[in-house]
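*Asks:* The lines below spell out each chain.
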Amino acid sequence: MKVIYPLVAVLLLALVAYLGVAIGLEYLFGVIIPYVSVILFLGGFIWKIYDWVKSPVPFRIPTTCGQAKSLEWIKRDELESPSGFWGVFGRMSLEVLFFRSLFRNTKAELVPGPSLAYSSSKWLWMAGLIFHWSLLVIVLRHYRFFLAGVPGFVEFLESVDGFLQITLPTLYITDLLLVISVTFLVLRRLASAQMRIISLSTDYFPLFLILAIALSGISMRYLDKVDVVAIKVLVQGLVSFQFDAPGGIGGMFYVHLFLVCVLISYFPFSKLMHMGGIFLSPTRNLANNSREKRHINPWNPEVQYRTYAEYEDEFREKMVKADIPTEFSLPSEKEKI
Amino acid sequence: MTTNPPKLAELQLEYEQEPSLLKGDSPGKEWLDIPVEFRDGNWCHAAKPNVIEDLGFNNPRKWSPEDEDWQLEEGWQKKVKNGMKERLDKFRSFKLFMDICVRCGACADKCHFFLGSGDPKNMPVVRQELMRSVYRHEFTWSGKIFKGLVGARPLSEEVLKEWFMYFHQCTECRRCSVYCPFGIDTAEVTLMGRELLNLAGTNINWISEPASNCNRTGNHLGIEPHTYKNVVESLAEDIEDQTGVTVNPSFNRKGAEILFITPSGDVFGDPGIYTMMGYMMLFEHIGLDYTLSTYASEGGNFGLFSSNQSMKKINAKMFHEAERLGVKWILGGECGHMWRVVHQYMDTMNGPADFLEEPVSPITGTKFRNATSTKMVHIAEFTADLIHQGKLKLDPRRNDHLKTTFHDSCNIARGMGMMEEPRYVLRNVCNNFNEMPDHTIREETFCCGSGSGLNTDEYMDVRMRGGFPRASAVKHVKEKYDVNALVAICAIDRASLPPLMNYWNPGVSVYGLHELVGNALVMEGEDERTEDLREDEMEDLDSESTSREYDE
Chain A
1 MKVIYPLVAV LLLALVAYLG VAIGLEYLFG VIIPYVSVIL FLGGFIWKIY
51 DWVKSPVPFR IPTTCGQAKS LEWIKRDELE SPSGFWGVFG RMSLEVLFFR
101 SLFRNTKAEL VPGPSLAYSS SKWLWMAGLI FHWSLLVIVL RHYRFFLAGV
151 PGFVEFLESV DGFLQITLPT LYITDLLLVI SVTFLVLRRL ASAQMRIISL
201 STDYFPLFLI LAIALSGISM RYLDKVDVVA IKVLVQGLVS FQFDAPGGIG
251 GMFYVHLFLV CVLISYFPFS KLMHMGGIFL SPTRNLANNS REKRHINPWN
301 PEVQYRTYAE YEDEFREKMV KADIPTEFSL PSEKEKI
Chain B
1001 MTTNPPKLAE LQLEYEQEPS LLKGDSPGKE WLDIPVEFRD GNWCHAAKPN
1051 VIEDLGFNNP RKWSPEDEDW QLEEGWQKKV KNGMKERLDK FRSFKLFMDI
1101 CVRCGACADK CHFFLGSGDP KNMPVVRQEL MRSVYRHEFT WSGKIFKGLV
1151 GARPLSEEVL KEWFMYFHQC TECRRCSVYC PFGIDTAEVT LMGRELLNLA
1201 GTNINWISEP ASNCNRTGNH LGIEPHTYKN VVESLAEDIE DQTGVTVNPS
1251 FNRKGAEILF ITPSGDVFGD PGIYTMMGYM MLFEHIGLDY TLSTYASEGG
1301 NFGLFSSNQS MKKINAKMFH EAERLGVKWI LGGECGHMWR VVHQYMDTMN
1351 GPADFLEEPV SPITGTKFRN ATSTKMVHIA EFTADLIHQG KLKLDPRRND
1401 HLKTTFHDSC NIARGMGMME EPRYVLRNVC NNFNEMPDHT IREETFCCGS
1451 GSGLNTDEYM DVRMRGGFPR ASAVKHVKEK YDVNALVAIC AIDRASLPPL
1501 MNYWNPGVSV YGLHELVGNA LVMEGEDERT EDLREDEMED LDSESTSREY
1551 DE
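Taken in sequence, the protein lines are chains A and B. If you read the first sequence in my numbering, its first letter stands for residue 1, the second for the next number, and so on. If you read the second sequence in my numbering, its first letter stands for residue 1001, the second for the next number, and so on.
Quick caveat, the hints were computed from the structure, so don't treat them as lab data. Using N, Cα and C, we set each Cβ at its ideal position, and we do this for glycine too. Any given hint could turn out to be false.
The list that follows gives simulated cross-link-like pairs (lysine-lysine, DSS-like), each with its CA atoms no further than 27 Å apart [stated by the list, open to error]: (1) B:1023 x A:122; (2) B:1090 x B:1029; (3) B:1079 x B:1090; (4) A:48 x B:1090; (5) B:1078 x B:1147; (6) B:1328 x A:2; (7) A:54 x B:1085; (8) B:1367 x B:1391; (9) B:1090 x A:293; (10) A:75 x B:1079; (11) A:318 x B:1078; (12) B:1328 x A:293; (13) B:1062 x B:1090; (14) B:1079 x A:2; (15) B:1121 x A:122; (16) B:1079 x A:48; (17) A:48 x B:1081; (18) B:1079 x A:107.
Okay, the calculated beta carbon distance ranges per label pair [unchecked claim]: (19) A:94 x B:1026: 34 to 40 Å; (20) B:1526 x A:317: 34 to 40 Å; (21) A:152 x B:1389: 22 to 28 Å; (22) A:5 x B:1014: 50 to 56 Å; (23) A:167 x B:1085: 53 to 59 Å; (24) A:149 x B:1034: 32 to 38 Å; (25) A:98 x B:1035: 39 to 45 Å; (26) A:111 x B:1074: 47 to 53 Å; (27) B:1156 x A:180: 41 to 47 Å; (28) A:230 x B:1144: 37 to 43 Å; (29) B:1040 x A:47: 48 to 54 Å; (30) B:1154 x A:5: 34 to 40 Å.
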């Protein structure tokens, strides 16, 4: 069920767009929905970030993954246990750009003895990295639709991405890598019992959605070719707030566009927000310097603790007998407290 | 009839023959459909009514987790939901971690409880989902609309029981957070979970009673001042008997330069007492002007394991006492969770400690620049500096009867980043030190299985399973290097690793780092040493083989 429902949902969504355009709802799918979804995406993203940021970070809780700053002759690891801004900057850059923590991944196995053995396991890291970078390059490549000319960096990306120069039009490596890595990410959830049990329908849904977007995009390029010039006119119209939908683009394009709209509308209200969240994670984005620099908790509560005076009041007699120094002697001065 | 814990052979057979998620066998149903089952050995005694009253928590009553009816108060759900809302607004970590998990599974096989039990709900991601599912139902629109389809479920008594079980099968060790691509820390979820359990009046005694004791008497065990002094003095006598050197600890002494605070387990528990003897010998050796306090006689802080408020309350005594005694700074003994609190919470909660001075070693003049605000120094930092500056006379051959390995305690490694200091000290006080395998030490270290206030006897089944990954790593070096001494710098380790070793690796004893320092110290006016602090025979120091090692 966890797998079937999201799969069916994605297929239905695709069908809705295809049929919708077939019965002449181009304006809805080409203009209204894109605007609504962009508003949902931007508004939702900002709202979610605000929602997180308004909760304070009461304590400095980095997870230290290397030697902290200590005595001068002890070699410290600024990237794994940063003591200041630049260390944190480096640590966060490694996390965001190269998925440092995932790179550490191991696989534990119960071996005869019984005993446990650990081996390095980099598949998830590799697939994740390929997936995210490919997606980024593909999104950037789409920038060509948004401007009248084609910016230099997009041309550069296209030429690098298409360096194999096979097929016509040229095959983009990132298209291929994206499809392969998403497929892998789906299959790994299905292949192991551990992954099956932890996966929710909301884990499969975005994967299927992205896969469908990629496949519809690829099919437009290689199989069911669409009128690219008309698409560019549509997109330019959208970005310059001219609300016309040119006709005759082809159903597959609207499927592609609609699924993208679904994805970005869904984004801020789902786990996909890990994209924004990673920057705010207090176990990673704080320096490990809490004994050196006082961290302030804005809601630091007043707490009644048992003071020394109360303690001595209870135990004074026993303390005096045991020759433990006290503030007050027995018992004549006691009333002073 | 099962025993608690099961016989080793039975558990080994279970590991090898029974299907387990760890080995890739599917439990045949979703974790949501697996009922919670309390049986002998997998639950801790409920907190006693007087302890609950003392701590000011809800619904004091006599009950047991095994009871069908937990005698929950009318309206407990509302209290818990409101408590959740309050904490989501107060802790960004909590809110963020509820939202951003993608269930990638990197954490799944990183938890010692999962590795020792194969229980799906012990995968850190599922432990978080126990809470997240309720969060979705109460606080997200998708959860409210799509319910179970998006993994949301209402808060029920069954869910509370599940929380009780699994937030007490997490030792807040943070190993999973090392591997998480977003740094999601299950300990944050468990901490919140336990606070919410407090609101529902479902606490465990092993955590609550020490917290309550600590408030009244100054330490977890409820030891009163005169007894505390007696015990420390008897340890001083033991030192004199064994070494001929007199050490003179002082108590609540105003004007001392340094206040020394260590977990009460070092004073009252075997083998912690030998570590305490090591500290006292070290301080005598260097002529340190220090005092102990009977009021701040607990380094540990079981408040960390139950609520932020109790943590702050218990911790407040350290600065309060340091100010009263007029010391310059505080030196802290070997302990794991104590140091998580001191390093990451203390200054924020109870600082600033303006009345103290920036810590400088009176022996070497070294400034502890990493502690300039909190003004509390870890004993391993302090001793490593002494050794580095050549201030200690050490004969590591006196530990030649020990073949050591070092257990990083979770909080020290992952909450402080202290990895090298204890190793440096260890290498200088003994000749035989071998590391456990990769992925089981430093930031990847495994919990003893009993941390976060779970080292209670009725919980042996869970503890022996949870300690399996640590024991398995020790077994490796025991077989490879004949290791017989597991050195740790944590009081809970010293209490909980001995039964773990007896169970899995008989013949391996547990030592504190400063016990080995005490063994190796060559003190002025000492008698000839032939026994270590536990009165075990040292190796004959005159024999050729050992002195050769020393010459190297």
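*Asks:* Taking the hints in turn, state whether each one holds.
*Replies:* Each hint tested on the structure:
no., hint, result
1, B:1023 x A:122, "holds, 19 Å"
2, B:1090 x B:1029, "violated, 36 Å"
3, B:1079 x B:1090, "holds, 16 Å"
4, A:48 x B:1090, "holds, 16 Å"
5, B:1078 x B:1147, "holds, 19 Å"
6, B:1328 x A:2, "violated, 61 Å"
7, A:54 x B:1085, "holds, 13 Å"
8, B:1367 x B:1391, "holds, 16 Å"
9, B:1090 x A:293, "holds, 21 Å"
10, A:75 x B:1079, "violated, 49 Å"
11, A:318 x B:1078, "violated, 46 Å"
12, B:1328 x A:293, "holds, 18 Å"
13, B:1062 x B:1090, "violated, 32 Å"
14, B:1079 x A:2, "violated, 32 Å"
15, B:1121 x A:122, "holds, 24 Å"
16, B:1079 x A:48, "holds, 26 Å"
17, A:48 x B:1081, "holds, 21 Å"
18, B:1079 x A:107, "violated, 40 Å"
19, A:94 x B:1026: 34 to 40 Å, "holds, 35 Å"
20, B:1526 x A:317: 34 to 40 Å, "holds, 39 Å"
21, A:152 x B:1389: 22 to 28 Å, "violated, 60 Å"
22, A:5 x B:1014: 50 to 56 Å, "violated, 36 Å"
23, A:167 x B:1085: 53 to 59 Å, "holds, 55 Å"
24, A:149 x B:1034: 32 to 38 Å, "violated, 59 Å"
25, A:98 x B:1035: 39 to 45 Å, "holds, 42 Å"
26, A:111 x B:1074: 47 to 53 Å, "holds, 52 Å"
27, B:1156 x A:180: 41 to 47 Å, "holds, 43 Å"
28, A:230 x B:1144: 37 to 43 Å, "holds, 41 Å"
29, B:1040 x A:47: 48 to 54 Å, "holds, 50 Å"
30, B:1154 x A:5: 34 to 40 Å, "violated, 21 Å"
Taken one by one, the earlier hints fail for this structure at numbers 2, 6, 10, 11, 13, 14, 18, 21, 22, 24, 30, listed in ascending order.
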